[in-house]
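Peer 1: The lines below spell out each chain.
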Amino acid sequence: MSGRSNSFDVAIVGGGHNGLVAAGLLAKAGRRVVLCEALPTLGSACGTSTLVPGVRVPKCAHVVSGFPPSLIRQLKLKKYGLHVLQKNVGRVALDPDGRHIPLCASAGATREAIFSWSSRDADAWSGFSKTMDALVRALRPVYAESAPKLIPDNLRGRLEWLRHYVGERKRGASSFQKVLRLLPSNAADFLDDSFETDLLKGALSLDASIGSFHGPYSPGSLFYWAWQRAGETASASGTLQVAGGPGGLTAALTKAAEAYGAELKTSAPVQSITAKDGQIRGLVLQNGDEVSCPIVISTVDPKATYLQLLGPRNLDAGLVGDVNRIRMRGSSAKVNLALERIPTFPKADESTLAGRLLLAPSLLDVERASNSQKYGILPDHPVMEVTLPSIMDETLTPEGRHVLSVVIPFMPFDLDRGWDAGGDILVDKVVKTLGEYSPDLPDLVMAGEVLVPPDIESHCGVARADWHQGELTLDQSMMMRPTPQLAEEAGSIKGLFLGGAGAHPGGGLTGRPALHAVAAAVRFSKETRL
Amino acid sequence: MERFDVVVIGAGHNSLTAAAYLARAGLSVLTLEKNDYIGGAAVSREIEPSFIYSSCSYALSLLRPEIIRDLDLTQHGLRVMPYQGSVTLTGDGRYIASSSHPDVMHRELARHSARDADAYMRYGRDMRQQADLVSPLLMQAPPNPASLRPKELRKVMSFLSDAQSLGRDGLADAIRFWTLSASDLLDRYFESDIVKAHLAASAVIGTGLGPMSPGSAYVMLHHRIGGLDGPNGAWGYVRGGMGAVSMAIASALRSHGGEIRTSSGVSEIKVSKKRATGVVLESGVEIDAGVVVSGLELKRSVLSLLDWKELSKSFVEQVSKFKTRGSSAKLNIALDGLPEFTDIPSDCPSLDGDVRLCGTVVDMERAYDDWKEKVMPRDPYLEIVIPSRLDPTLAPPGKHVASVFVQYVPDKLIDGSWTDAKRSELQDVVLSKIEKAAPGFKSKIRHVETRTPEDLENEIGLTQGNIFHGELTLDQLLFNRPLPELAQYRTPIGGYYLCGSSMHPGGGVMGAPGANAARTILADARLRAARRISA
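If you're matching them up, the sequences are chains A and B in order.
Per our numbering, the very first residue in the first sequence carries number 1; after that it's consecutive.
Per our numbering, the very first residue in the second sequence carries number 1; after that it's consecutive.
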């Protein structure tokens, strides 16, 4: 580095959407910010890539779930090119014979579709929705704010707990009890108690557990589901589809951050985070460059942050042990296809196909898929979430052509037969399954790619292909995320903050971990007058 | 018409415990049992002459010391013989023979992993700490976090204050013990698959969870909160079989003036103006009572014995959703000699305890996966005890009784009920597995009976064969057990109480639900008496 100052107020490790949000907010607030991303491109899981010339696909994530409109406004992302094509992107339980069930449309439309399967279930829909809403409502305040401390050590902390308690308790004893009973429960029993239709339960249980290590029969899966929904509904726009794919969000975040004065470096992997006497000093990049700064926000996963970048030397043994034991097994795979034209799904019009299509015939199918992950094998019948973003987004493909994006959950990071062989087998299973829903689809495939979990790790920078950077179980959430100690203080290293999915409230394209990290960093800089 | 202060329905150990406490307090108590024998699932049966089977439960640990003391059960014949360890055979030639002696245990574990041998000290200590946290909760009604009444709020605050005194890391640890899978919890301490298998075995007993399911670590904890011989979580045999527990409690009950009638099944509870006034027997005979208590499983207690007109629709719905999925079967075997397991020396003292044929955690998890599919078990978890090794009263000299607990057996198969043919098939699966581990076993069998979850339900009212009267998952524990509105032993019908294992603190031959229910009944009776006096 010649001539340019390498001294900054804040250094950000990782250029995924959280890193970019942090960079933009801090730069806009007048801080001197540098962001270092190891890969040649920014965005991490929030990217759009070119499948074949002229055809672009959402590389990893295919929708933007729960990104707050307030953040869009705050960073002026629309000015920097963000164009929202759809709000509240709906979910559809897809049926091979055409009796699809839209899940997030008007309650009336959903009930009508369910009615063709079961009148009893149609009647049960509103009660089920009410209960789900109650659970989500109980969690949303905790999701949207910083997590209260496990053991509050001051009045303010205790009042925070009291506020959450009162907020929930004033809905009535019965409602309060119901929430306390359901939160540790599992999605499968809740669904079996509510409905009889396999397709409905299958789709909902897939929605409940996608991105998790545990299947819908596992206790804690209802919490996971409600937690994800809390994130999605914490903003009124819910899940968004953005023009240009999620890469469109990354592009806008990039432009905004740069416009505000942040320096964004790509192909700049960080070697280490340096600290002395319990205080952050800066970063050392792999190419030898040094960055000097009193504050580092790390958006890479907590294990990498503490065990690789900081190094166990700087940490006490208890913290090292706890970080080592963070569980990160919720891996997914991705298949992206370029299609000659729009495939035919029986009785599904474009508005149906513009949503998130859930391909899961039954509860047991979803559970079986999660079973095989435990043993490091591929499922016989993968369940999957599919989108056709080109229906609403004309910028992705030439006229008439389409892309199809598939997220396959419950993929073991280490496959027994190895992913070299496994990737091809997976694509075949995926295309075969898609063919069961759309008979002409397999013949329309012009090109395709599969990103198996190790690919998602190396090409998209998502450690262990786990977009939560740590399972969102009850013991790794909220005031215990990523560990009880790190939820409260960044391991007694002053000036270090975790701003990625591994911190509260978890993964998904929400930008919220970054928001919390920025707020904490700003508080810290005020307190230390830096 | 006969009238008693209290009529108790069912003569399982919890009913008998509740009845004994109430009789001891001076009330007139009648206990009614449908079978011609008492004890429910804590019962000894002589089906093959001279051989005493503990036909359902087979070992004791969790019976509360307070109950043993209060009811003077030792005076009434209760003798427990702790066994010093257990054996885990993984089927690939390896074994662990555990011991309650720390040095012996350390040496044994070190055969597999020196690191794990050391970690075991830490694990044992942490488990004890968690068990100590749970113990005070057992012999009292759980605090009700939804209640705004000062008494309940104080209880909740006290509970929170205890939680707070653990400190952040201590509380986090407690949360882990209550929410993690057995497998994930054990991964925090151990590296060896056989050590993990050995310890995870207690997570799968009677559960509708796999060792890799979140919440299964709690089941390990649940099986460690016993205090037979001090705070060790030790297990033991009851002299005379498990029925001796029920007999001792029954003897205590009778010594306080209580009466027990067998072959007297109850068909309904008489209700007038939302209060229980007595019972009607299957024979048609009516008996009046000031208080009615049921030790039956929840759904039977509510849905079978009460007229639904007396209950709200939502209450009936909630009760019917109480989860009682059975997952266990039982074989009782009369043997002409001891089995000889090829993988372990016959003189190993741990063979006095339970012998598990279980494979690794992955094998147990696969058995759980099969259970979810409701297919015939292919490789179930087996736990074998031969109490006659320590208790000579159970079989003629040189002969033995074996109890085989089979885990991950569906209460119904995907293609229908457990027919005789299916039961035979299950029996073959189990006996073949034992034969493989102990060649010659089958030739020593002089009598064998196999009891599927359906059999357990039909005979002793364990709904769906669930041995705990309801699954032990967090959504059905503490203030959620069996439902939030029923967690205090009272029902919507005045004077009708529940005292069985569907109630806090759950199943496992603890007696605590019975004792807690009795305490609640007595407190309510005092309150009503006080009100009557002041009125």
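Please keep in mind that the hints were generated in silico from the structure rather than gathered at the bench.
All values derive from a computational prediction rather than experimental measurement.
Ideal placement from N, C-alpha and C gives every residue a C-beta, glycine not left out.
Just so you know, not all the hints are guaranteed correct.
What the hints assert, rightly or not - Per the computed footprint, the stretches of chain A lying under chain B, defined by three or more beta-carbons under 8 Å from a beta-carbon of chain B, are:
1. 370-380
2. 399-408
3. 461-475
Peer 1: Within the region 461-475 of chain A, is the number of residues with a Cβ closer than 8 Å to a Cβ of chain B three or more?
Peer 2: With 3 residues close enough to chain B, the hint holds.
Peer 1: Do three or more residues from the region 399-408 of chain A put their C-beta atoms closer than 8 Å to C-beta atoms of chain B?
Peer 2: violated (count 0)
Peer 1: Please check whether the region 370-380 of chain A has three or more residues whose CB lies within less than 8 Å of a CB on chain B.
Peer 2: holds (count 3)
The structure fails hint 2 only (numbered hints given earlier).
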